[in-house]
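In the order they appear, the protein sequences are chains A and P.
So in this note's numbering, the last spot in the first sequence is 1153, and the numbers never skip.
So in this note's numbering, the last spot in the second sequence is 586, and the numbers never skip.
It should be emphasised that the hints constitute simulated quantities derived from the structure, not laboratory data.
Stretches of chain P that chain A covers, calculated by requiring three or more beta carbons in the stretch to come under 8 Å of a beta carbon on chain A:
id	segment
1	256-269
2	440-453
3	463-475
4	532-544
Beta carbons: idealized from backbone N, C-alpha and C, even for Gly.
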Amino acid sequence: METKVVKKKAGAAKETAKSAISVDPFAEIVETSAPAKRSVKVIKAEAKVPAKRVVTKAAAPVIAIAADAFAEPVSETSAVKKRAVKTATASTSKAVAVSETTKKAAKKPAKKTVRSKKLDLDVTPDIAATEPNVEVSAVFKALADVSLPDLEKENRARLLMQTPTRLYFYWSVRQNPWQQLKSVFGDDLGSYTLVLKLTDLKRGTEEIQPCEAEGNWWFAVEPDSEYQAEIGFYAVNRPYFRIIYSNTIQTPRRSPSPRPASDAKWTVSANKFAEVLDVAGFSRDAFDVAMAGDDVHAAENTTQIAFSQFIGSKEHNLNAISAEDIRYAMLALASGFTLEELRTRVSSALCAILQANVEKLNAANALAALSEYFDIDEAEWTEEEFGSAVYGASLVHFPKTLKTKNISSKSGATFAPRYNPVSSHSLR
Amino acid sequence: MPLGYFSLILHAHLPFVRHPEYPEFLEEDWLYEAITEVYLPLIFIFQTLHESGAKPRLAMNVSPPLCEMLADPLLQQRYTHHLENLIELAVKEEFRTRSESPEFHDVAKMYVENLISSLNLWNDRYKRNLVNAFKELQDEGVIEIITCCATHGFLPLISTLESRRAQVEIAVTNYKKHFGRQPRGIWLAECAYEPGIEDLLKTAGIEYFISDTHAILYGDPRPRYGVHAPVVTPNGTAVFARDVETSQQVWSAEIGYPGNDLYREFYRDIGWDAPLDYLKPHLHADGERRHLGLKYHRITGRDVPQNRKEPYIPAMARDKAAENAAHFIGERIKQAHKLRETFEGHPPLVISPYDAELYGHWWFEGPQFIDFFFKKIHFDQNEIECITPGDFLDSGLPIQVQKPTASSWGENGYYKVWINEGNSWMYPYQHDAERRMTELCLTAGCQPASVGGKASQKNEDTQAGSLRSDERILNQLARELLLAQSSDWAFQIYQGTTVQYSSRRFQSHIQRFNMLANMLETGDVDHELLSEIENRDNIFAEIDYRVYRN
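Could you put the whole structure together from the sequences, leaning on the hints where they help?
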């Protein structure tokens, strides 16, 4: 198991632990190999409780406009002459009998008595009368004074997914962890540091950061993997022991599955599936699926070779990075994207490799490497403005649209999808 | 067999907002506006289409909080008052515009006619209870009503299995109360899915749920027909995923129909235009301006400033709605041809879900569009057939087995809207309450008698019938937890709209949960406080806390 990023926290005791401890029902000891790299990143408790709020009704937006509906009538400059009002509701409401009384009332507006007399409407003035006498109620006051209490001292370790590449972790330890450590080792705490650790259960990698007994943290992670976070004590060459650990989170793929159905009734070739993706609006994925072809493992190898040629180095371990992510980055760079623009769209591990080879990142190199190993033709790609705003209460996501030029497959496959560097979905 | 199937799905949901402790409350207007602008027009259109033989067919989620509000006598009474007040203003406006602003007079007349029709429908046809109206439409075969998570809880961000299960099972129980049958489908709040949720649905007897596009497109194995056919999870629960093209066509602010220049401008409202003195009888007691729903201008142009908007002309907008409906159908036929060709003869199914409130509230002409859509699709063509997901399952067409991926329909496709730097502070409190709820239920399960001391002696309140104090507290604990879990609060905090109200609502439910839990644990029951909390947060009268036991 590879472990990375840790550093002693100032003030940690020096001596070596010699025995295991179990501090609470969640606790267990986990030994790991010594970490390979170190860096300092002290995580501070960031759990924010909002300040006490005062009840105020939300203000509607104020639009600074002239009240021209109430201004002098404007001349009829509109090309549209007045017509009889005919809306769906109005026209379809013929079935609804509007009483004569109501019609008459509608012609004689403006007085407050209209509501109760002329329209014979069911006014409900008793609403207010039925209200509790809230002003003097002790219960009312108790409920009006809204505030969140401090969270009780508890063991908490909860990992939540925000996106396939970002997790949120919050934690707290009920008892002073250092007291727990001391109860086992006495004063011989050596160089132990309280840390939070995120383990990629699929790839077998770990990320360790010094932390405090309570706080929260955002992790950059990989799609299509499984993670668990924990709080524990770490020291070089001494046993690691865990204090609390979280639930596990599976991050989803952010690209199509490489696996067609095994049942012949549902199986689909890569080229046909690319067509299916394209008609669903996922044209970037369609392009990638078509480019990778049916032999996913061969495509993975080819991708790694092409990428190594692109960056001029075979030293980087690409096994933990998805081939789709690598192709995505190369195609985007080939289309003129900068590394900065890619930063939030590819995994942090891939981004680090690209950053380390930044001087070799140019569109020509990327396209040359892709063209050599994949059946694609040269093309120009230009970004178009995105369209994601929507009406209504939901922020529903839409594919981002780009100007594209057709890019055809050299292999003469029946379907040659268009390439959209970051389109097809707005999931990146 | 038609060329292709089309399934319109409307998601009607509002958070539970009910404040009996105040004579009036701004946020209750959300419900009142939706009744006037969305629910009444849609119900009336569906009923009229049905009676005319146009055979509309669609699925509609009427969320449990919305059902509870629509069936609530206090809110019904307050809505009546709200509508009457609006009619009074509209009538004043019709009189005023006749002489002062003739260019707006037709619109003013339209409002009077529409609102009076609405009042008649409300009082006479539906007896002030729109749940019955929806039920009637379902019983007549017009709509297939599906349920939703009990309080629109965002399941992947709920920490315990018991709390997730409660969101589903309480929703099903509530559905049965209102609609007298078992729901076939569920709208997972925000289409938020993660693997494993289908097991909760299966246990609750749910046959299918709605997901976002990539849940299926990125699922494993590759879906043979993409999102244009449902899949079933290995446990047999079917998944219907959103079609992107139809979403964009209606919903996109850039290319969507609602942005047409001829349609009514949403943000230009008499509540902000008219002199304050004139409006005062129609405002709340605080005299603050607010949207009142009478709007006189059309969009005019994307970049036209609010003070340069031109008068709204209903007849032209109506013609445009008819034109858009015809275009929409034309595009569906083209899409079906393309999909059928791609699928080598297999009939595609296009799932087209929207917030119901888009139709009428945000897009004033939306109900007209739906009216024209169903008329034209029935009378003018025979290539596309409108069905519901339940109809598709009944068709016997084979369905591929697949494991969908985690997803939501929110911005960027995952959970960012509901967990981010601005609202992550909520989750430790919510999760503590979730854990504590099950612990308290389990503890209560071990105690045959009610909580002791003052509690048992003071249990004189009749509101909760024959329930013991501890059972009342446990039931109310469940309500407070459910209300705290509403995804609406985190959403609005992220959106930056009604942040104070949403934060306060979340905090108040957590606070009430803690008050009640302490009563239960100490046995020191404040009956006045308990009754008041029950009176305010009275959602789900039928609730049984035992659903939280593991």
